[in-house]
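Chemist: Line by line, the protein sequences are chains Z and X.
Going by my numbering, 260 is the number at position 77 of the first sequence; the sequence numbering is gapless.
Going by my numbering, 225 is the number at position 56 of the second sequence; the sequence numbering is gapless.
These aren't lab readings, by the way, just hints derived from the structure by calculation.
The structure presented is a predicted model; accordingly, all values stated were derived computationally and were not measured.
Certain hints may be false.
[Claimed, not checked] DSBU-like, lysine-lysine: derived pairs with alpha carbons at most 35 Å apart: (1) Z/Lys-255 to X/Lys-219; (2) X/Lys-381 to Z/Lys-191; (3) Z/Lys-272 to Z/Lys-356; (4) X/Lys-196 to Z/Lys-359; (5) X/Lys-535 to Z/Lys-359; (6) X/Lys-512 to Z/Lys-359; (7) Z/Lys-356 to X/Lys-400; (8) Z/Lys-339 to X/Lys-457; (9) X/Lys-209 to Z/Lys-357; (10) Z/Lys-357 to X/Lys-174; (11) Z/Lys-305 to X/Lys-187; (12) X/Lys-472 to Z/Lys-305; (13) Z/Lys-370 to X/Lys-201; (14) X/Lys-196 to Z/Lys-255; (15) X/Lys-400 to Z/Lys-370; (16) X/Lys-175 to Z/Lys-357; (17) X/Lys-187 to Z/Lys-370; (18) Z/Lys-191 to X/Lys-457; (19) X/Lys-201 to Z/Lys-255; (20) X/Lys-512 to Z/Lys-272; (21) Z/Lys-305 to X/Lys-400; (22) Z/Lys-356 to X/Lys-457; (23) X/Lys-512 to Z/Lys-339; (24) X/Lys-393 to Z/Lys-356; (25) Z/Lys-370 to X/Lys-174; (26) X/Lys-209 to Z/Lys-339; (27) X/Lys-512 to Z/Lys-255; (28) Z/Lys-356 to X/Lys-454; (29) Z/Lys-305 to X/Lys-512; (30) Z/Lys-356 to X/Lys-542; (31) X/Lys-175 to Z/Lys-359; (32) Z/Lys-356 to X/Lys-219; (33) Z/Lys-305 to X/Lys-196.
[What the hints assert, rightly or not] To be clear about the criterion: a stretch of chain X counts as covered by chain Z if any three or more of its residues have a C-beta under 8 Å from a C-beta of chain Z, and this derived list gives those stretches: (34) 174 to 180; (35) 213 to 221.
Glycine is no exception: its CB is placed at the ideal position from the N, C-alpha and C atoms.
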Amino acid sequence: MTDNEYRKMYDKDPHRAQTALFDEYLNYVYAIVYNKLRSCGSREDIEECVGDVFSAVFISYDRNGSFDGDLKGLIGTIASRTAIQMYRKLVRHSDTVYIENETTELADTENVEENAERSVLKNTLLRLVNSLGQPDSDIIIQKYYYNMNSNEIAEKHSMSPTSVRMRCSRALKKLKELLATEGYDMKEGNI
Amino acid sequence: MNNKKKIGFDVLENADMKTIEEIGTGKMNIDKNARERMLKNTMKKYEAEKAKLDITQSVNTENNETEDAVTGVEVYSRKKLPRIIYMSLCSAAAVALVGGSIFAFSRRNRVTPDIKKDPVVVATTVETSTKPGTSVTTDQNHAVVTVTVTGTETGTKASATTADATTTTTSATTANAEEVTDTETAPEDKPAETETAGAYTNPHTDRADITKEELEAAALRAVKEINNADKAAMPELDTGYSLYDVNSDSIPELFVWNSSVLSRKYMLVYDGSEYVIARFNGHDKDGKVQVFEVTTENVDVFKGSNTFGMMGHQAGSQSFILSLGEDNTITPVYEYTQYGIYKDGESAGGRAFDSDTSNFKDFADKYMANNIKELEWNIYNGE
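Bound conformation, chain X alone (with noise of 0.2 Å):
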């Protein structure tokens, strides 16, 4: 019997420039209409891209136009509270934290699906605690603070009765209950003719025992993956992270960024446990839908909203305003990609080419009359 170990010229595929360089790279042969083809193509998606820009410029420079002057930058200080104020807080925080379970779990049973004949009726109870100690929540205006509850654990109960219910993350036991654990497969359960992309359910968490801690950690594991496998490309580049809550659900999203020559960002959620890439479903060429994740070159938060937006460089990739739900659901207001044009999910005119201008032109207006947040991004030192 033959044990030898097959080899082929397969394993060349995938290699690092090092390796591109010993095969070889002027040993193909390029005939003179390949390269007139290729240098076509080249100069068409460049004279695209830069009409893309040079309107993403003068749009900017109208919205500045218009602009009140603002000074000076906001600073983050943690500040003494006189300890009477400090306990009100406290308490008000407790109690908000505990107020708010209970709605959102009344309000999860208010848009449950509709609920089929003879319903069994079980009783479901959720158990919300607060113990003493430190937990992250975030303000009114989505930046994150830290909330320190003192005192004796103090436990609220709240019941429910469901049925025909679909949940999520939060443990329940319901009657003909559809459990969706694994969100990632979501999208593979909608019919393959459907044609409107609806809100796709990313993983999120019910926790309020959330520390900013955690999340800290949760964070530098996240960006720390994203920065080793960018890098595994180009060694040289910077990466930036930001902690922002743009759905207001008191647990901060996770952008990413790092300096590669188009620059590129991320958008996490928190899972419970750890980060992960946000998803949501858009439409791919034959106007399917198709899962994309939140990352682009650009990919910017809008301020006093739950939306943001994806803006890419390269002509006629994917360029989205996008709404995120409380429960991390993201969907898509405005789609504009080199397969098509869309507005909330419902399909707006033909394939936007890449010389589309008037079209790119509509979606830049409303992507940047939205008010965008300059994130504040700290550095990723490899630790």
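One chain only, chain Z, in its complex shape (with noise of 0.2 Å):
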């Protein structure tokens, strides 16, 4: 859906518009709002700071009549800005001290080694898990970056829940392989 799209269709019916544009951007803003939470929210936190995010992105069109072009970057930025407001929240509420918190975030963005090292470590795991191939790499991701459980997965890959731990049991075990060649060992209790 494009910016033009959307005031067209906005014009003769803004409900219809705006729930057009949520199940466009729904996988989307959850994707990003799930990356910046995945630690720290409850579902229930992703699920608000989500509507968070599309009413901001109304709100946002009703305030300049347009979203100036970029329809996704500006979604992808409000998401963003959004959950990293959440996450800023939700770390406050818990148990850590908000003080040390916030130096640790602060030494974090100084940290040029650890950035630069945690950056080959990212781009490690997703080249190997990407050279797992379809749908075993989706499979890996699904159940160990989204949690998702076998049933889950099943419904998403049209597969039995069977066939999908028996592909995710041979594939973690590629990974292991993989990541061990290149001299990394798979965090225990963390895949």
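Quick one: dock chain against chain with the hints and give me the complex.
Modeler: What follows is the structure in structure tokens.
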């Protein structure tokens, strides 16, 4: 959906336009929010944040009368920013001491070496997961990154849950071997 | 021994947009119920936010209707003064600085917390000197002006006695003194049951020799830091800044603005060497005191007073009317958040739900009743 298409649809029926935009970008927004809140937020927190994102997107259009070109980019930016705000809110409400947390965050941005290492790890993991080929790479991501259960994955791939479990087990074993050849060990309890 | 590096899927968290796309944005399973739930929640938030905006706009319109028309803009221009007037002003400024320091010091002693029995009195000396050169202060309209002091060095000493004093940034020798050197930890000193949000003491400085150049350099450092952090998420945004003295302490506060979709403003206070984001005590969802930063979609300065406001766009976000003391303490005057409504730190009703627009109107009326000052923004060019 482009800015222009949304405007035309909105002029005829605002609610329909908003629902269409919501449906088109729900997965995209959810993925961005999930990426930021995966470790600190519950499913309810993520859904709440998704609601905040779309609400802000609709308000942004109401205020400006357009999305100013790159609709996907704008939605991604709002999603990213809103998720970061939610992350801060969740972390502040947890038992973690607020000041320490902030110090960690600040230190993080300055630790170039650590960031670079993290980037290498990220790229390595994604490269090796992708090298597993389809549908194994998707199954691994769905199982261990998105924490979906075998039934949900099976539904997505039109397979039986048993097949998913089997493929997943083999793919994980292969991934561990690939990681080992590159000098890495899979973290226990974090896969 | 296994020396291999450990790797897990948590390494993919908090990734940039490119990595998120690589992971795959269509791989998760959002079932029909979850979709319905999120859509309903979205529309609820949207309607509440829209109602808030409508109220704010109508209050704005009402205020504009009753306002007198004002034309033209305030333009700051450095005027050349006759030498004799110039010298007189400089002398007056020097006297005012010295007198102000003495007054501030004596006033600080007056508000010293209760003195315990058998106080040990120790003499404390504060030395204030005015050297030739340029210093910065602010005028009665809170705008930044430069004061140049000429002539030979003059010195003034003020003596005072204190006991059981609470010191902040000034160096003082006291008996049984409680030194609060790290103000960020102050809220943790409060008992957990505290429900009344008092003032939060931000760092401040009593230095009288602060130059305009020093402040501008510190401001640029702070702006750069905020700009870089915000640009990490949004590379295209613009950042602007403005110096304005809210609390008439002669040291301007720094306001930073960026052009993100929701826009964002910050207020920072000067601690003697750097500008730091101002903080204050508000309330959390349990009614307990929680520290907030002065940053949200809108931070407005109110003309002719030491109050300022924060107005959030997001449904249920934090909105406040706040008062800034001369020592950078921030006291909430009116608090309207998704967690509740507080006036002068005291609870004034139940939790403010998203659709609770009648309460928001009361807040918006109070907010808009203030004369909002349009700040003059300098665009940060990254240098």
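Chemist: Does each hint fit the structure? Answer for all of them.
Modeler: Status of each hint after checking the structure:
A hinted pair counts as satisfied when its Cα atoms are at most 35 Å apart, and Z/Lys-255 with X/Lys-219 qualifies at roughly 23 Å. For the proposed pair X/Lys-381 and Z/Lys-191, the alpha carbon gap of about 53 Å is over 35 Å, so the pair is violated. Distance check on the hinted pair: Z/Lys-272 and Z/Lys-356 sit about 38 Å apart at the alpha-carbon level, beyond 35 Å; violated. For the proposed pair X/Lys-196 and Z/Lys-359, the alpha carbon gap of about 22 Å is at most 35 Å, so the pair holds.
As the CA atoms of X/Lys-535 and Z/Lys-359 are separated by approximately 62 Å, the hinted pair breaks the 35 Å bound. Proposed proximity of X/Lys-512 and Z/Lys-359 is contradicted: the alpha carbons are some 59 Å apart, above 35 Å. Simply put, Z/Lys-356 and X/Lys-400 have alpha-carbon atoms about 40 Å apart, too far for the 35 Å limit, and the pair is violated. Distance restraint check for Z/Lys-339 and X/Lys-457: the Cα-Cα separation of roughly 45 Å exceeds the 35 Å cut-off, and the hinted pair is therefore not satisfied.
Taken as a hint, the X/Lys-209 and Z/Lys-357 pair is broken in the structure, with Cα atoms around 42 Å apart against an allowance of 35 Å. A hinted pair counts as satisfied when its Cα atoms are at most 35 Å apart, and Z/Lys-357 with X/Lys-174 qualifies at roughly 18 Å. With a C-alpha separation of about 12 Å, the suggested pair Z/Lys-305 and X/Lys-187 falls inside the 35 Å cut-off, and the hint holds. Of the pairs offered as hints, the one joining X/Lys-472 and Z/Lys-305 is violated, with about 51 Å between alpha carbons and a cut-off of 35 Å exceeded.
For the suggested pair Z/Lys-370 and X/Lys-201, the alpha carbons sit about 34 Å apart, so the restraint of at most 35 Å is met. At roughly 18 Å between alpha-carbon atoms, X/Lys-196 and Z/Lys-255 fall within 35 Å of each other, so this suggested pair holds. Our distance criterion of 35 Å between C-alpha atoms is met by X/Lys-400 and Z/Lys-370, whose separation comes to about 32 Å. With a C-alpha separation of about 16 Å, the suggested pairing of X/Lys-175 with Z/Lys-357 holds against the 35 Å cut-off.
In summary, the hint linking X/Lys-187 to Z/Lys-370 is supported, as the alpha carbons are separated by about 24 Å, within the 35 Å threshold. Straight-line distance between C-alpha atoms of Z/Lys-191 and X/Lys-457 comes to about 48 Å, which puts the hinted pair past the 35 Å bound. As the CA atoms of X/Lys-201 and Z/Lys-255 are separated by approximately 23 Å, the hinted pair is consistent with the 35 Å bound. Among the hinted pairs, X/Lys-512 with Z/Lys-272 is consistent with the structure: their alpha-carbon atoms are about 23 Å apart, no more than 35 Å.
Between Z/Lys-305 and X/Lys-400, the direct Cα distance comes to roughly 22 Å. Compliance with the 35 Å bound is thereby established for this hinted pair. Restraint check for Z/Lys-356 and X/Lys-457: the C-alpha separation of about 49 Å exceeds 35 Å, so the hint is violated. The straight-line distance between the Cα atoms of X/Lys-512 and Z/Lys-339 is roughly 52 Å, outside the 35 Å bound, and the hint therefore fails. For the suggested pair X/Lys-393 and Z/Lys-356, the alpha carbons sit about 47 Å apart, so the restraint of at most 35 Å is broken.
For the given pair, Z/Lys-370 sits about 9 Å from X/Lys-174 by alpha-carbon distance, which is consistent with the 35 Å threshold. For the hint linking X/Lys-209 to Z/Lys-339, the alpha-carbon distance of about 24 Å falls within 35 Å, and the restraint holds. Between X/Lys-512 and Z/Lys-255, the direct Cα distance comes to roughly 41 Å. Violation of the 35 Å bound is thereby established for this hinted pair. Restraint check for Z/Lys-356 and X/Lys-454: the C-alpha separation of about 46 Å exceeds 35 Å, so the hint is violated.
Taking the CA atoms of Z/Lys-305 and X/Lys-512, the gap is about 49 Å. The hint is violated against a cut of 35 Å. A threshold of 35 Å between alpha carbons decides the hint, and for Z/Lys-356 with X/Lys-542 the separation of about 64 Å lies outside it, so the pair is violated. About 11 Å separates the Cα atoms of X/Lys-175 and Z/Lys-359, which keeps this hinted pair within 35 Å; it holds. Distance restraint check for Z/Lys-356 and X/Lys-219: the Cα-Cα separation of roughly 52 Å exceeds the 35 Å cut-off, and the hinted pair is therefore not satisfied.
A C-alpha spacing of about 18 Å is found between Z/Lys-305 and X/Lys-196, which places the hinted pair at or below 35 Å, so the restraint holds. Counting residues of the stretch 174 to 180 of chain X whose C-beta sits closer than 8 Å to any C-beta of chain Z gives 7, which meets the bar of three, so the coverage hint holds. Under a criterion of three residues with beta carbons nearer than 8 Å to beta carbons of chain Z, the stated coverage of the stretch 213 to 221 of chain X is upheld, 5 such residues being counted.
Hints 2, 3, 5, 6, 7, 8, 9, 12, 18, 22, 23, 24, 27, 28, 29, 30, 32 from the earlier list are contradicted by this structure; the remaining hints agree with it.
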